[in-house]
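Asker: With these hints in hand, go ahead and build the complete structure from the sequences.
Each protein sequence line maps, in turn, to chains R and D. Here the first sequence is numbered in this note's numbering, starting from 1 and rising by one per residue. Here the second sequence is numbered in this note's numbering, starting from 1001 and rising by one per residue.
Hints in this document: simulated from the structure, not taken from any laboratory. Everything numeric in this text was worked out from a predicted model, so none of it was measured. A few of these clues could be false.
[What the hints assert, rightly or not] Chain D is faced by these chain R residues, among others (derived, beta-carbon under 7 Å): (1) Ser-8; (2) Leu-16; (3) Gly-20; (4) Arg-23; (5) Val-24; (6) Gln-54; (7) Phe-57.
A virtual CB, placed ideally from N, CA and C, is assigned to each residue, including glycine.
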Amino acid sequence: MNTQQENSMTAMENSLRQEGLRRVSGNTATFLRRHAPFNRMDAGALAFFSDHAQIAFYPAGSEIIGPDAGNVRYFHVIESGKVYARQAGEVTLTEYSQLHLGAGEGFPIGAVTAGRPSTNIYTATEDSFCYRLPAERFLELMASSPEFNLFCTQYIASLLDQSRRQLQLQFSQKANEQQTLNSPLSGIGSRTPLHVVPETPLRQALETMSQAGIGSLVIAGENRKPVGVFTRSDLLDRVVLADLPQDSPISAAMSPTPFMLEEHATAYDAMLAMATHGIRHVLVTDIEGRLTGVVSERDLFALQRVGLRQIRQAIDAAKDIEGLQHASGDVRLLAFNMLAQGVGAEQLTQFISALNDAVTRRILQINLERHAFDGIDWAWLAFGSEGRDEQTFSTDQDNGIVFAPPEGESVDALKQRFLAFALDVNKDLDRCGFPLCKGNIMASNPQWCLPLDEWKEQFSQWIRTPQPEALLNATIFFDFRPLFGKSELADNMRRHLLGQAEVNPIFLQAMARNALDVAPPLGKLRDFLTDLEPDNPGKIDLKKYGSRIFVDVARIYALATGVHNTNTGQRLRQSAQRLSMKNEEINAIVEALNFIQLLRLQHQYLEGEPGEQGHNLIDPEKLNELDRRILKESFRQARKLQTRLKLDYQIN
Amino acid sequence: MFGIKKLLFRDQPATQLVDDVRTGLEQWRDSATPGFDEVHFHSRYVVVDIATRSRQAGSDELQSISATVVRRGAIRPAESCFVDFTGELDADTVDRQLLAFLLFLGKAPLATYHVAYVEPFLQRVMRERLGVDFQSQWIDLAWLLPSMFDEKSHTPLPLDRWLEIFALEAGDGRRDPMENALLIARLLQMLLVRATGKEVDTAAKLIAESQAASFLRRTH
Chain R
1 MNTQQENSMT AMENSLRQEG LRRVSGNTAT FLRRHAPFNR MDAGALAFFS
51 DHAQIAFYPA GSEIIGPDAG NVRYFHVIES GKVYARQAGE VTLTEYSQLH
101 LGAGEGFPIG AVTAGRPSTN IYTATEDSFC YRLPAERFLE LMASSPEFNL
151 FCTQYIASLL DQSRRQLQLQ FSQKANEQQT LNSPLSGIGS RTPLHVVPET
201 PLRQALETMS QAGIGSLVIA GENRKPVGVF TRSDLLDRVV LADLPQDSPI
251 SAAMSPTPFM LEEHATAYDA MLAMATHGIR HVLVTDIEGR LTGVVSERDL
301 FALQRVGLRQ IRQAIDAAKD IEGLQHASGD VRLLAFNMLA QGVGAEQLTQ
351 FISALNDAVT RRILQINLER HAFDGIDWAW LAFGSEGRDE QTFSTDQDNG
401 IVFAPPEGES VDALKQRFLA FALDVNKDLD RCGFPLCKGN IMASNPQWCL
451 PLDEWKEQFS QWIRTPQPEA LLNATIFFDF RPLFGKSELA DNMRRHLLGQ
501 AEVNPIFLQA MARNALDVAP PLGKLRDFLT DLEPDNPGKI DLKKYGSRIF
551 VDVARIYALA TGVHNTNTGQ RLRQSAQRLS MKNEEINAIV EALNFIQLLR
601 LQHQYLEGEP GEQGHNLIDP EKLNELDRRI LKESFRQARK LQTRLKLDYQ
651 IN
Chain D
1001 MFGIKKLLFR DQPATQLVDD VRTGLEQWRD SATPGFDEVH FHSRYVVVDI
1051 ATRSRQAGSD ELQSISATVV RRGAIRPAES CFVDFTGELD ADTVDRQLLA
1101 FLLFLGKAPL ATYHVAYVEP FLQRVMRERL GVDFQSQWID LAWLLPSMFD
1151 EKSHTPLPLD RWLEIFALEA GDGRRDPMEN ALLIARLLQM LLVRATGKEV
1201 DTAAKLIAES QAASFLRRTH
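Answerer: This is how it looks when you write it as structure tokens:
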């Protein structure tokens, strides 16, 4: 055959093949069009997928993809049959040990996107046919089809919810009866609480309680609006010991201003209120403030061995440090239980903080018995993560004292007394599981035990001269929160701080520059950069390269917009409102932070023995596929936040 | 008159072939036959199906040939081929199409459902247009399926029954020819796995098994 002849034959063969391909591809497209995301993709993108999708058969019981098979070469979409995915690696946060995939579902999105081996084992449980797209084509499609890209990204997010639910199921004995801490109060506790009007004679009220066999009674006025609660302990203190006649109205014996939450508040909120205020019941009202239910601590912790109330009581009743040591161990245990029940990071860290606050307050009280400061205004301050209500399982101490020396009193002498007191407190905190601060940011350090004026001057100085050390200090000390004592002093400091920040834009600019020093460890080729810490190759420091990025940016925006809160989530949400950032945008960012925090908590829980310092280094290779993907998304959110900061402060 | 019919019944086959077809044909004849002793995974199977139209009793007319490849366990869309004999075609075009189809096949083992039905159409068109005695190595799923999946049925069944048994979605009504070929290809994929399990693990063994199955069942 000469060249011309060859050409004509080649052309003919090509045209027959073209027609063959067109028909096979059309056949594939007919199937795909019935499933997401293909039904939303444009014709070109769908044809691209169909043109390159091979059809493979996997008999029941055969492994389709596994970690040992090297980098994943194909993205699979199940045409018929069933595929079962299970984790091969270390069991981590979002264990979804039983994931069944059926027709129209694709896998493994994470691994094929990243061009690495799958961490899951995919096995055909029935004879299955799959369309399989070569990895390089998958990536081309990700780049060219926005719908396909969105689907793959959202797929991960949708699995997050699913995996959370599964995590909760796993830990609960009676899965379908389990009420999670996310449930609204409208479905928890007593729905028809007994209540009496405030004028009810005491005797009649007590008879009501006795007949109903209840230990507490709600007193509600007009329109069933609660005005008080009467409990058995009130009976002892306010009736028997106070010699109150039995014909007095119940309003004379009740505890007024009961704590109330609306129905749509969650069990978390009730739990947090109980921990914070040391109460046992929370009244539930509708939006108009009418009584609709009562949630007791027992309702919330029916299944829990270590109860919040017991811990709270143990803390409040502790006579000495030994008693508190035990209680703070229980705090940790309770936190683990909550972690296992699927409580989110934001709530969990707030709980740990609330209970740790209680421990700290009790330690302060015990020490005040030996150090009296009567007549002097002072406050114990928490800094850093404690100041932000973001304590994890391993948090060392960051604290200080602010005091207002009375007229004519020697500041130095007073300071010496506070330092002696603080030293005792610091040591006791250490014994209760809050290790001494390596950087000596503690109230027993003369630098951080200051009169109000000096604190303000210190703040001003850092803001006026934003040198590296000043900026570093700002990241610790500007997240302060009063834990005990005269909180007005802290308010005063806060007003001063926000005022100073407002008139010194250079400072926030410098803070912003500083906050951009560390970028999230996203790789160009690989999912993650794991070689940033020379001493820990293969690991990522989730604090340094993760949560701190959010914390730093939130602080800047809070200072810039005059937000008083110190908690990062709250700072972000509140400053977002003032900066008119979109809700969904800020929610995604807070979610990302929460995920990183949850990962830290989980990691510390798995790695750290109680009392030992957990750490923040994780090996992303050991995460399951889902966690890896979410972590990557979370880092992307961090990058997004940094990009915004960069624009807002004109930093290149 | 459309279609291929008018182009058949040539008196002197192959003598009037245009140059490029004639030399192409020689090339195909000279091409090496692949070893049939490779395991299935390394063999290239071409699944062939035809569509015919009944013009009058006893003389169906070939309308199209659909073919796709199963190689390394997968059906590959880029290795598919469709020959359309409908429409207005001149003799040279038909010859070129047939030759291109032969070149696409190479000497690979062919698979279909009911060789006894498919093969004569192909043999006739090849003989009458190209003067080729089209003798291929066939794998006949109609006979092999009951032999390999005897727990499902040990007698031959209509194709649609097998699709039902294996829950392969075949769509309603008349299937287009390529769709049919793809369904047969899926059956072949299943069959290859099963055959490997029964140590019928090469093309040669499968062809032998196919011939034995059809012979035994027809004669006993």
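Asker: Look at each hint and say if it fits the structure.
Answerer: Status of each hint after checking the structure:
The interface hint given for Ser-8(R) is met, as the beta carbon of that residue sits about 5 Å from the closest beta carbon of chain D, less than 7 Å. Using the Cβ-Cβ criterion of 7 Å, the hint placing Leu-16(R) at the interface with chain D is satisfied: the shortest such distance is roughly 5 Å. A cut of 7 Å between beta carbons decides the hint on Gly-20(R): the least distance to chain D is about 3 Å, and the hint holds. Interface hint at Arg-23(R): satisfied, since its Cβ lies 4 Å from the closest Cβ of chain D, which is below the 7 Å cut-off.
Using the Cβ-Cβ criterion of 7 Å, the hint placing Val-24(R) at the interface with chain D is satisfied: the shortest such distance is roughly 4 Å. Taking 7 Å as the C-beta cut-off, the interface hint given for Gln-54(R) holds, the closest approach to chain D being about 4 Å. Because the closest C-beta pair between Phe-57(R) and chain D is about 4 Å apart, less than 7 Å, the hint holds.
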